[in-house]
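2 protein chains.
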Amino acid sequence: MEKYAIGVDIGGTTVKLGLFDTQGQAAERWEIPTVKEDGGARILPEIAQSIKDKLNSLHLTEADILGVGVGAPGPVDAEGTVHKAVNLGWDVFNIPQALRKYLDLPVKAANDANVAAFGEMWQGGGKGHANIVAVTLGTGVGGGIIVNGSILTGATGAGGEIGHIHIEDNETEPCGCKNYGCLEQYASATGVVRLARRRLAQDQEPSVLRSRGELSAKAVWDAVKAQDGVAIRIAEQFGEYLGKGLAAVAAVANPEVFVIGGGVSKAGEILFDYIRPAYEKYVFQGCRDAQFALATLGNDAGIFGAAGMIINE
Amino acid sequence: MEKYAIGVDIGGTTVKLGLFDTQGQAAERWEIPTVKEDGGARILPEIAQSIKDKLNSLHLTEADILGVGVGAPGPVDAEGTVHKAVNLGWDVFNIPQALRKYLDLPVKAANDANVAAFGEMWQGGGKGHANIVAVTLGTGVGGGIIVNGSILTGATGAGGEIGHIHIEDNETEPCGCKNYGCLEQYASATGVVRLARRRLAQDQEPSVLRSRGELSAKAVWDAVKAQDGVAIRIAEQFGEYLGKGLAAVAAVANPEVFVIGGGVSKAGEILFDYIRPAYEKYVFQGCRDAQFALATLGNDAGIFGAAGMIINE
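As you go down the protein sequences, you meet chains Z and F in turn. Just so you know, we're using the working numbering here: the first sequence kicks off at 1463 and counts up by one. Just so you know, we're using the working numbering here: the second sequence kicks off at 1463 and counts up by one.
To be clear, the hints were calculated from the coordinates, so they are not data collected in a lab. All clues given are correct.
Given that identical chains are not distinguished, each listed pair holds provided it fits within a single copy or across any two copies.
The calculated lysine to aspartate or glutamate pairs, modelled on DMTMM-like cross-linking and capped at a C-alpha distance of 20 Å, are: (1) Lys1687 with Glu1676; (2) Lys1743 with Glu1630; (3) Lys1546 with Asp1751; (4) Lys1640 with Glu1742; (5) Lys1546 with Glu1718; (6) Lys1563 with Asp1553; (7) Lys1465 with Asp1566.
Quick caveat, the model's predicted, so the values are computed rather than measured.
Bound-form chain Z, shown alone (with noise of 0.2 Å):
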């Protein structure tokens, strides 16, 4: 009898579930509003009824489901104990026993970021590989790290935070986490937006970036691939960043490789052309070879990293 596991990946709007065979097959995926009222009380009781709805429909016991993986966004520790989740008003609690008070299931639950990373490793560009970095470069920079196939959560659920690695002593912005200089303020699509900014407002240097109304990370990469001087400048300074900040995680975690995702890496394969020139020149000989792949999963790496969780880790 095939088993299978659900993977469940809170957002701030929307709950995603997806029933997973043990070959990392999707068998369904369906969605729920996530219902922020009550200090975000309600999630965890809709997530099992809905579990419960859609193995009925499907003519499936809970005998038939090894178990439910769950990414939450904040931080988890590695006892599935998330220290606040602002985003969804939860405070600190025990994920897994808050949800097995609802479902007769086994619960493993890890940051969100974290449980991407793992998808990502287990059926995704970092497939066939049990040491990975996963960077999602969207309006932030995460990070989620798998050492020898198992998350990297750290002591505190802050494990592979590596947006906020400290790499430019001269900013004179704050990052949204207060500090000055993170990697995120260069590497995500806003980081890429203010680099272009800073640049345009340098010299007068025609680009076809100064006849657009709104910059956006996306046009700042369509103009490096149609050879616009200024873009390519500013995405050799994205890859002097990005770079040095993979080395420095590569001294690290020594990956096998790294897999770029989020909005950002919809710019394909050019994006390595920036960062491993930077990259080769700041790391430790020793973890040269370290490939660079592009995220395949998009925004289901969480769902199949949270299912993977329960069939794989």
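Given chain Z, put chain F in place with the hints provided.
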């Protein structure tokens, strides 16, 4: 019947060995010379013979021994395969397989710095913690990272090579690794001397360091303790570099405690007065509460850790 584990720490001139009970007490410690002739081919047979002789002399047999842990000075992967240990003349081979030709016991092997970190977690400055970063401030800067009670080996055995995090863009002298601006160039014993030499050359400000023949890290820290103004500014620079580097490490590995050892650490807890301010300035908030502790096992960390890998991993 009490069981024991044997810890072996292979150095460039001496092999240290220890017999440990499962509580981590050293019942015996001894040394043999490291015989480097024949490409290091005699090292493992001589270790095996020395272990057999010791067991005989103690009226113990192989049945009393849980296994042998080995720390080797080179990159060692998760399977115990060493990838060239130039100090020993070793090429690429699997240490457990090789040693088991001479000894009918379970064998585990890892890089010596990682093994020492494991020792400090098991019985040293990191005792009671499962997530530690051990930092050795010696001739170079070494590191060993323990995640959830296990060594972070990495893809090629370069996990925890934190001495080679790039930390200074304006360095003109190369590091031993051939890169420029590695943490090791400022935070090792030789790094402290380099910082001192540069500071003293900068102007003519009086300092007790000027009257000394040979500058050393110890002389600098002694002068700091004597409130020498120039020495204090050298210590601040050292702390700025090391605190910034460890903040980057924290954003990746999120340890509970940094355990600081090696020659420079003999200065004592005064080091932390200079490391902590920079660490707190640059570190991600969620990692801010990491503790700083001194290593306590000194040169025995390797044999403790090697035995600990057998007993405790």
